[in-house]
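A.B. asks: Sequence:
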Amino acid sequence: MNDVLIQTLRPVTHNLGAFEVRRAIPTRERTMVGPFIFVDQFGPSHLPPGSAMDVRPHPHINLATVTWLFEGAIDHRDSIGSYATIRPGQVNLMTAGRGIVHSERSPTAERLTTQTLYGMQTWLALPDGREEIDPAFESRADLPLIEDSCVQARVIMGSLWGKTAPTTQYAETIYAEIVLAPGGALPIDSEADERAVMLVGGEAEIEGIPLEPYALVVLAPGKALKLTSASGGRVMLLGGEAFATPRHVWWNFVSSSRERINQAKQDWEQGRFPQVPGDSDEFIPLPRIATTVSYP
Numbered sequence: 067m068n069d070v071l072i073q074t075l076r077p078v079t080h081n082l083g084a085f086e087v088r089r090a091i092p093t094r095e096r097t098m099v100g101p102f103i104f105v106d107q108f109g110p111s112h113l114p115p116g117s118a119m120d121v122r123p124h125p126h127i128n129l130a131t132v133t134w135l136f137e138g139a140i141d142h143r144d145s146i147g148s149y150a151t152i153r154p155g156q157v158n159l160m161t162a163g164r165g166i167v168h169s170e171r172s173p174t175a176e177r178l179t180t181q182t183l184y185g186m187q188t189w190l191a192l193p194d195g196r197e198e199i200d201p202a203f204e205s206r207a208d209l210p211l212i213e214d215s216c217v218q219a220r221v222i223m224g225s226l227w228g229k230t231a232p233t234t235q236y237a238e239t240i241y242a243e244i245v246l247a248p249g250g251a252l253p254i255d256s257e258a259d260e261r262a263v264m265l266v267g268g269e270a271e272i273e274g275i276p277l278e279p280y281a282l283v284v285l286a287p288g289k290a291l292k293l294t295s296a297s298g299g300r301v302m303l304l305g306g307e308a309f310a311t312p313r314h315v316w317w318n319f320v321s322s323s324r325e326r327i328n329q330a331k332q333d334w335e336q337g338r339f340p341q342v343p344g345d346s347d348e349f350i351p352l353p354r355i356a357t358t359v360s361y362p
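Under the numbering used here, the letters of the sequence shown match residues 67 to 362, in that order.
Take the hints with a grain of salt, since some may be wrong.
As the list claims (entries may be wrong) - Computed beta-carbon distance windows for the label pairs:
#1 GLU257 - GLN329: 33 to 41 Å
#2 ARG96 - GLN336: 28 to 36 Å
#3 ASP347 - ARG206: 30 to 38 Å
#4 ALA207 - ARG94: 33 to 41 Å
#5 PRO343 - GLY116: 21 to 29 Å
#6 GLN336 - ALA290: 51 to 59 Å
#7 ALA175 - GLN336: 32 to 40 Å
It should be emphasised that the hints constitute simulated quantities derived from the structure, not laboratory data. Computed from a predicted model, the values in this text were never measured in an experiment. Every residue, glycine too, gets a C-beta built ideally from N, C-alpha and C.
Make a model of the complete structure from these sequences and hints.
C.D. replies: In structure tokens form, the structure reads like this:
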């Protein structure tokens with residue numbers, strides 16, 4: 067593309083009634099950026115009283131999900147007994163490993179008022195030799211903040227700008243939310259194998275090149291770059307270690323092995339995954355056509 071931005075991945079938008087989801091990867095053009103194999107951005111969407119997000123129980127294998135909110139709240143429940151209300155400033159990392167089932171729903175209190183949902187849902191492929199680790203869950207709010215009068219940058223995963231997030235990493239990962247006030251500027255570290263940015267609000271530029279809203283823009287490796295904004299904007303930075311072994315994606319399953327995905331499909335269809343304590347008996351059935359959309 068050029069010596070700064072090597073690829074622009076424009077998302078596919080899924081209209082789910084109450085809100086829209088914009089999916090940047092996986093696509094035919096590119097499957098991964100570092101360990102990130104799935105990047106969704108949703109909102110800002112305003113759900114009126116009585117309307118809610120209700121993602122029924124569904125399974126995952128060989129990946130870790132990362133939920134990050136700008137606005138709103140989501141109740142997370144999973145089959146290892148975890149329960150957490152996800153709120154802005156708090157990263158929720160769910161490791162599927164050999165298999166987990168979870169649900170995501172609007173909390174009871176939020177259903178009674180107009181709720182705004184605005185945030186990111188990403189998946190990380192687990193590296194070779196660790197795809198079948200035990201499932202796990204963690205929720206952390208003790209994340210490093212880099213700030214001055216015109217910039218606030220929160221390190222969600224990995225090491226950036228001399229700070230390291232305590233969030234578990236399975237492969238080398240960088241993930242951050244950057245909020246620029248008018249006139250704000252921030253260098254983008256060059257150490258990661260692969261890096262990308264997504265403008266999710268306002269406006270911003272990389273080395274003077276404007277970013278398209280909601281497009282995932284892959285940055286040239288090894289170059290120290292500067293992110294700026296004349297009028298203010300919100301940008302996500304993500305990437306990390308490049309994987310040598312390809313990953314396959316089918317519905318909610320990610321693996322280096324197609325046979326493992328086929329086994330997971332059979333296990334879900336035949337009820338061999340564990341259930342989610344505290345949730346209803348309903349679930350998302352196995353789709354007939356391959357897709358990565360798990361929303362109701």
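A.B. asks: Give a verdict on every hint.
C.D. replies: Results of checking the hints against the structure:
Judged by the Cβ atoms, the range 33 to 41 Å given for GLU257 and GLN329 holds: they are separated by roughly 37 Å. At about 34 Å, the CB distance of ARG96 to GLN336 agrees with the hint of 28 to 36 Å. For the hinted restraint 30 to 38 Å between ASP347 and ARG206, the CB-CB distance of approximately 31 Å keeps it satisfied. At roughly 37 Å, the beta-carbon separation of ALA207 and ARG94 lies within the given 33 to 41 Å, and the hint holds.
About 26 Å separates the C-beta atoms of PRO343 and GLY116, a value consistent with the hinted range of 21 to 29 Å. Judged by the Cβ atoms, the range 51 to 59 Å given for GLN336 and ALA290 holds: they are separated by roughly 52 Å. Between ALA175 and GLN336 the beta carbons are some 37 Å apart, a value that agrees with the proposed interval 32 to 40 Å.
When the structure is compared with the earlier hints, no violation turns up for any of them.
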